[in-house]
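Let's have the full structure, built from the sequences with the hints guiding it.
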Amino acid sequence: MANEKAMTGLERYREKQRALKASRLANLKKGRENAKAGKTVAKAPVKKSLKK
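For the sequence shown, UniProt numbering assigns the number 1 to the initial residue and increments by one for each residue that follows.
There could be a bad hint or two in this list.
As the list claims (entries may be wrong) - Below, simulated BS3-like cross-link-like pairs (lysine-lysine); rule was C-alpha separation at most 30 Å, straight line: (1) K36 with K21; (2) K16 with K29; (3) K16 with K30.
To be verified - With beta-carbon atoms standing in for the labels, derived distance ranges: (4) P45 with T8: 43 to 51 Å; (5) G38 with T8: 42 to 50 Å; (6) M7 with G38: 39 to 47 Å; (7) M7 with G31: 31 to 39 Å.
If you're looking for bench data, these hints aren't it; they were derived computationally from the structure. None of these values were measured; they are calculated from a predicted model. Using N, Cα and C, we set each Cβ at its ideal position, and we do this for glycine too.
Dropping the structure here:
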C-alpha cells in the first residue's frame with residue numbers, strides 16, 4: 001500500500017477485504033491439515049439449553 005491518504009475509502013475497503021479473505025483461507029487450510037493429522041479443533045461448548 002502506497003500512501004494511506006491518497007487511498008480512497010473504496011480502495012481501503014478492498015484492501016481490508018483482501019486481507020480478511022487471505023487469513024480466512026489460511027485458517028481453513030490449517031484446519032484441514034490438522035483434521036488430516038487427526039487433530040480436532042477445540043469448539044466452544046454448546047449450551048445445554050440450546051441442545052433441546
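Tested hints:
1. Proximity of K36 to K21 is assessed by CA-CA distance (about 23 Å); at most 30 Å being required, the pair is judged to hold.
2. About 20 Å separates the Cα atoms of K16 and K29, which keeps this hinted pair within 30 Å; it holds.
3. Between the alpha carbons of K16 and K30 the distance comes to roughly 21 Å, so the proposed pair stays at or under 30 Å and holds.
4. Between P45 and T8, the C-beta spacing of about 44 Å keeps the proposed range 43 to 51 Å intact.
5. At roughly 47 Å, the beta-carbon separation of G38 and T8 lies within the given 42 to 50 Å, and the hint holds.
6. The hinted range of 39 to 47 Å is satisfied by M7 and G38, whose Cβ atoms lie roughly 45 Å apart.
7. About 33 Å separates the C-beta atoms of M7 and G31, a value consistent with the hinted range of 31 to 39 Å.
Checked against the numbered hints listed earlier, the structure breaks none of them; every hint is satisfied.
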